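Novice: Below are the chains, spelled out letter by letter.
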Amino acid sequence: MSASAFSKNEMMIVAAARELAGQRVCFVGVGLPNIAVNLAKRTVAPDLELVYEAGVFGARPARLPLSIGDPTIVTGATAVTSMYELFSFYLQGGLIDVGFLGAAQIDRFGNINTTVIGEYDSPKTRLPGSGGACEIAINARQVFVIMRQSARSFVDRIDFRTSAGNLGGAEQSERIRREQGWLGRGPSVVVTDLAIWHFDDDGEMRVDSLHPGVTIDDVRATVGWEPRAAPVLATTPVPSAEELRLIREELDPGGAYTS
Amino acid sequence: MSASAFSKNEMMIVAAARELAGQRVCFVGVGLPNIAVNLAKRTVAPDLELVYEAGVFGARPARLPLSIGDPTIVTGATAVTSMYELFSFYLQGGLIDVGFLGAAQIDRFGNINTTVIGEYDSPKTRLPGSGGACEIAINARQVFVIMRQSARSFVDRIDFRTSAGNLGGAEQSERIRREQGWLGRGPSVVVTDLAIWHFDDDGEMRVDSLHPGVTIDDVRATVGWEPRAAPVLATTPVPSAEELRLIREELDPGGAYTS
Amino acid sequence: MTPDLIYDQMIAAGCARKLIFSWLGNPGVGGLGAIRRRIEPATSDVPGPDGAVAAGRLARLEVEEYSHFGMVGRYTAGAAKLPFYPIRSYFETDLPKANPLIREVQSPYGDGVVYAVPPLRPDVTIVHAQRADAAGNTQIWGLLGCQKEAAFAAERVIVVVEELVDEAVIRADPNRTIIPGLIVDAVVVEPFGAHPSYVQGAYDRDNAFYLDWDAITRDEAALQAWLREWVFDLDGRAAYVEKLGAERLAGLRPGSAPSGEVDYGSYS
Amino acid sequence: MTPDLIYDQMIAAGCARKLIFSWLGNPGVGGLGAIRRRIEPATSDVPGPDGAVAAGRLARLEVEEYSHFGMVGRYTAGAAKLPFYPIRSYFETDLPKANPLIREVQSPYGDGVVYAVPPLRPDVTIVHAQRADAAGNTQIWGLLGCQKEAAFAAERVIVVVEELVDEAVIRADPNRTIIPGLIVDAVVVEPFGAHPSYVQGAYDRDNAFYLDWDAITRDEAALQAWLREWVFDLDGRAAYVEKLGAERLAGLRPGSAPSGEVDYGSYS
Numbered sequence: 001m002s003a004s005a006f007s008k009n010e011m012m013i014v015a016a017a018r019e020l021a022g023q024r025v026c027f028v029g030v031g032l033p034n035i036a037v038n039l040a041k042r043t044v045a046p047d048l049e050l051v052y053e054a055g056v057f058g059a060r061p062a063r064l065p066l067s068i069g070d071p072t073i074v075t076g077a078t079a080v081t082s083m084y085e086l087f088s089f090y091l092q093g094g095l096i097d098v099g100f101l102g103a104a105q106i107d108r109f110g111n112i113n114t115t116v117i118g119e120y121d122s123p124k125t126r127l128p129g130s131g132g133a134c135e136i137a138i139n140a141r142q143v144f145v146i147m148r149q150s151a152r153s154f155v156d157r158i159d160f161r162t163s164a165g166n167l168g169g170a171e172q173s174e175r176i177r178r179e180q181g182w183l184g185r186g187p188s189v190v191v192t193d194l195a196i197w198h199f200d201d202d203g204e205m206r207v208d209s210l211h212p213g214v215t216i217d218d219v220r221a222t223v224g225w226e227p228r229a230a231p232v233l234a235t236t237p238v239p240s241a242e243e244l245r246l247i248r249e250e251l252d253p254g255g256a257y258t259s
Numbered sequence: 001m002s003a004s005a006f007s008k009n010e011m012m013i014v015a016a017a018r019e020l021a022g023q024r025v026c027f028v029g030v031g032l033p034n035i036a037v038n039l040a041k042r043t044v045a046p047d048l049e050l051v052y053e054a055g056v057f058g059a060r061p062a063r064l065p066l067s068i069g070d071p072t073i074v075t076g077a078t079a080v081t082s083m084y085e086l087f088s089f090y091l092q093g094g095l096i097d098v099g100f101l102g103a104a105q106i107d108r109f110g111n112i113n114t115t116v117i118g119e120y121d122s123p124k125t126r127l128p129g130s131g132g133a134c135e136i137a138i139n140a141r142q143v144f145v146i147m148r149q150s151a152r153s154f155v156d157r158i159d160f161r162t163s164a165g166n167l168g169g170a171e172q173s174e175r176i177r178r179e180q181g182w183l184g185r186g187p188s189v190v191v192t193d194l195a196i197w198h199f200d201d202d203g204e205m206r207v208d209s210l211h212p213g214v215t216i217d218d219v220r221a222t223v224g225w226e227p228r229a230a231p232v233l234a235t236t237p238v239p240s241a242e243e244l245r246l247i248r249e250e251l252d253p254g255g256a257y258t259s
Numbered sequence: 001m002t003p004d005l006i007y008d009q010m011i012a013a014g015c016a017r018k019l020i021f022s023w024l025g026n027p028g029v030g031g032l033g034a035i036r037r038r039i040e041p042a043t044s045d046v047p048g049p050d051g052a053v054a055a056g057r058l059a060r061l062e063v064e065e066y067s068h069f070g071m072v073g074r075y076t077a078g079a080a081k082l083p084f085y086p087i088r089s090y091f092e093t094d095l096p097k098a099n100p101l102i103r104e105v106q107s108p109y110g111d112g113v114v115y116a117v118p119p120l121r122p123d124v125t126i127v128h129a130q131r132a133d134a135a136g137n138t139q140i141w142g143l144l145g146c147q148k149e150a151a152f153a154a155e156r157v158i159v160v161v162e163e164l165v166d167e168a169v170i171r172a173d174p175n176r177t178i179i180p181g182l183i184v185d186a187v188v189v190e191p192f193g194a195h196p197s198y199v200q201g202a203y204d205r206d207n208a209f210y211l212d213w214d215a216i217t218r219d220e221a222a223l224q225a226w227l228r229e230w231v232f233d234l235d236g237r238a239a240y241v242e243k244l245g246a247e248r249l250a251g252l253r254p255g256s257a258p259s260g261e262v263d264y265g266s267y268s
Numbered sequence: 001m002t003p004d005l006i007y008d009q010m011i012a013a014g015c016a017r018k019l020i021f022s023w024l025g026n027p028g029v030g031g032l033g034a035i036r037r038r039i040e041p042a043t044s045d046v047p048g049p050d051g052a053v054a055a056g057r058l059a060r061l062e063v064e065e066y067s068h069f070g071m072v073g074r075y076t077a078g079a080a081k082l083p084f085y086p087i088r089s090y091f092e093t094d095l096p097k098a099n100p101l102i103r104e105v106q107s108p109y110g111d112g113v114v115y116a117v118p119p120l121r122p123d124v125t126i127v128h129a130q131r132a133d134a135a136g137n138t139q140i141w142g143l144l145g146c147q148k149e150a151a152f153a154a155e156r157v158i159v160v161v162e163e164l165v166d167e168a169v170i171r172a173d174p175n176r177t178i179i180p181g182l183i184v185d186a187v188v189v190e191p192f193g194a195h196p197s198y199v200q201g202a203y204d205r206d207n208a209f210y211l212d213w214d215a216i217t218r219d220e221a222a223l224q225a226w227l228r229e230w231v232f233d234l235d236g237r238a239a240y241v242e243k244l245g246a247e248r249l250a251g252l253r254p255g256s257a258p259s260g261e262v263d264y265g266s267y268s
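Here the protein sequences line up with chains S, E, Y and B, keeping their order. The first sequence begins at 1 in the working numbering and counts up one residue at a time. The second sequence begins at 1 in the working numbering and counts up one residue at a time. The third sequence begins at 1 in the working numbering and counts up one residue at a time. The fourth sequence begins at 1 in the working numbering and counts up one residue at a time.
Simulated from the structure, these hints should not be mistaken for lab results. Only a predicted model underlies this, so the values are computations on that prediction, with no experimental measurement involved. Do not take every clue at face value.
To be verified - 30 angstroms max Cα-Cα, derived DSSO-like pairs, lysine-lysine:
| hint | chain 1 | residue 1 | chain 2 | residue 2 |
| --- | --- | --- | --- | --- |
| 1 | E | K124 | B | K97 |
| 2 | S | K124 | Y | K243 |
| 3 | Y | K97 | Y | K18 |
| 4 | E | K124 | B | K18 |
| 5 | B | K97 | B | K18 |
| 6 | S | K124 | Y | K18 |
| 7 | S | K124 | S | K8 |
| 8 | E | K8 | E | K124 |
Can you make the complete structure from the sequences, with help from the hints?
Specialist: And the structure:
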């Protein structure tokens, strides 16, 4: 693949990383968020403080961490804490600006399923489960989501609500967040391999930007409801040569995430 | 003072230290317990694990700690923990064999006051307060008490119950300890400058041994109730030359506790 | 807490009846086939090609599921002998419906409700660490996870270490001691004992193993063959390490990143 | 939490209206006169010999009292944004009667009652530490007390350090970082800033000061004279340290007890 060509996954990761510009403290979820956040740290957000749920604040991974418990997130970090302290004082304590999550299913209000496809007691597919996602979803000030978009993942009804998004809409979400004293305002962006979505005032997600070569019909074909689009749809700027170099040479030379 | 002569305080500390023979893990209270336990560690209980509430397990103080937060309890210790972990996992978790406490007032059932003399809201004397004593009293498997004995300290009714002993007697104490799931069996010995007391089956303390030169009338004159005595009263063996040397040369050369 | 390859292996070998967890997977790679085959009816009905331990012959795996913080709270309550641990998670999720042990508790200050998780008291907690002394005083640096809480909560504790050190090494730096010998029942000295996972400062994750596992775990026959070759037919862990080969292990050694020293001061 | 000499000084100087605590005293020596005079009616009625700040002119000190674990629980709940923290203390004591904020809470598992303490969120937490970098990343060894919880619970955090170090020193040993710069509002570099108390590895407690304090604190006039000489008439902390004198401070230096080094490993 030449430097000017790029894969859908590369576009998704680059677009997600760029959303972190200006953010300060980011809780890094397992999988795609891990590579997107590490790319952001090397590009638009060099001062970003990376928080890993295994107990690291201020990580400076010398390579892409193979998992969210990789020793490279410890060496050179600002602080290592127990998970107890990380979840109690950093996350529930309200110090996280952005929680960056992946998802298997998402609905129009940004509610997330990472638990099961099918019935809980008799699942068609057993997924990893919450991990820290359900607590990140309500305690991080904002939630960013990165996931591949398909009719199986963008669904009208998620099979299990692992992590709360805008619940049944902004009105309900804001009331419950206020009543329960949640620190987070909920999901603010969803980046996929096709598009960038933000959330309307009523809490439903809206396509704002299509990745190069993607049409709104491509998006419709991969969403289980009639999706909303911004009046004027932007086109996501293509990955820069430097972004591609970082992904291909430093972060994911094996192409595990991006090929 | 010659090696064969000794003060009442020295006798008290020596007698208290000897009670620790065979014990494994001791939570060291502020004041007199500190010197008694450090003497025990150097004599009858070299394997005793000293726990200090400021967050040390397995202390090996090179000198008598000036307080229970002295840096000498850290250097050479097995482990340092936060107070949260010390109180949660070591004490409330049930790992402490003996809690060694001092007291300003004690009643016949071993209930302890270290809070106020007089009314709580308008005290005659404001004492230090609980510190960790109220939690040591119910969580340590046994409680040892060391205190000077006088009509002001051995009282019929304590002015404030800071730390639970045998409550109104063994029957009530055992019922509540069972119901509440307390790990401790309560007080088992009180060592004073005059005598050694243990507890009868009904939960009331009983003089078992008088220090050399002390009569039962001396004890009666310093107790605010009619004290019980064992049928045959022992005489506490005098301090050995080595015990006195350790106190005078190593532990309390200034005589702060023992003169 | 976070079942990964070693749980997949144990479950494939028939060692487990129930899984209490918050996240399961092959981190950064994919799924765990042995576990999925015992949870998903469509796959768990398929008998395995192997004898008694084939997945198809084993009962469905019971599942009791929390979030990470929920598991941390459970161990914390277990270690502290608390009847419950309060956390702010689970609101408006389906987890309390899936697990009736996640319950609400009222604040006694009239300011609302939080969720509670019950104490967890493992029969045995096994901790891997860089070093311990013969008395079991154990030091760990790098990620601490929930190992301290899980150890204090347990009935028995086994510590597996890369290196057995003199007591003086431990006592020179007491702030690094995570688990006191007081609660340790056995110390096992087993270098590379965490393979294919890593130990901070000692070796890296054997990522080839994790990648290879993805194919193995999808195929019950391959998994059982792996267990025969790498577990049942070997005489203990040392044989496993020898079979991995010195070259493979040497390739996992990281460069050096020393901590520097601090001074505790001598107060006598 | 444990008011000692510095609290006695602040209260004598009229800086406090209320004391929230679990133990008060001059550790290993005796009582705190300024505090007692503002709690005990018999003594607090006696006007002090000095002007506006004399104890007799000051209102009775409000008192809100817990045990050590209660205070630890309060800070923990404050740091974790929990509405309460459950502990097994206080049963069959007079403390819940003396402090109505100590309340019972039912276990949602039907296995009884524990006590709860409410969150404590200080306006400011001041922590003394061995070292921090310019961003406020703070490392402590030796006793940790409840400093981490108190810092995370606070609205603002001030760290006072013996030594300002390069960021690389902190990052070389991340397990020693107790407080991240993220929550620190100011770093104050003030060697001997903990005097008359100690700093692990840096200096010992100035025990003569504690012993001397016993006479000073019993006498309001002597205490006010001490405040004039050592606080009000001095131009900051450096002047206080200079006035103590190099010889006195040199006598507080401990011998060396190095921690040894560990290796975090370089994974790139």
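Novice: Hint by hint, note whether the structure agrees.
Specialist: Status of each hint after checking the structure:
1. K124(E) x K97(B): It holds: about 19 angstroms lies between the C-alpha atoms, which stays within 30 angstroms.
2. K124(S) x K243(Y): violated (38 angstroms)
3. K97(Y) x K18(Y): holds (19 angstroms)
4. K124(E) x K18(B): Holds. K124(E) to K18(B) sits at ~19 angstroms (cutoff 30 angstroms).
5. K97(B) x K18(B): holds (19 angstroms)
6. K124(S) x K18(Y): holds (19 angstroms)
7. K124(S) x K8(S): With Cα atoms ~28 angstroms apart, K124(S) and K8(S) stay inside 30 angstroms; holds.
8. K8(E) x K124(E): holds (28 angstroms)
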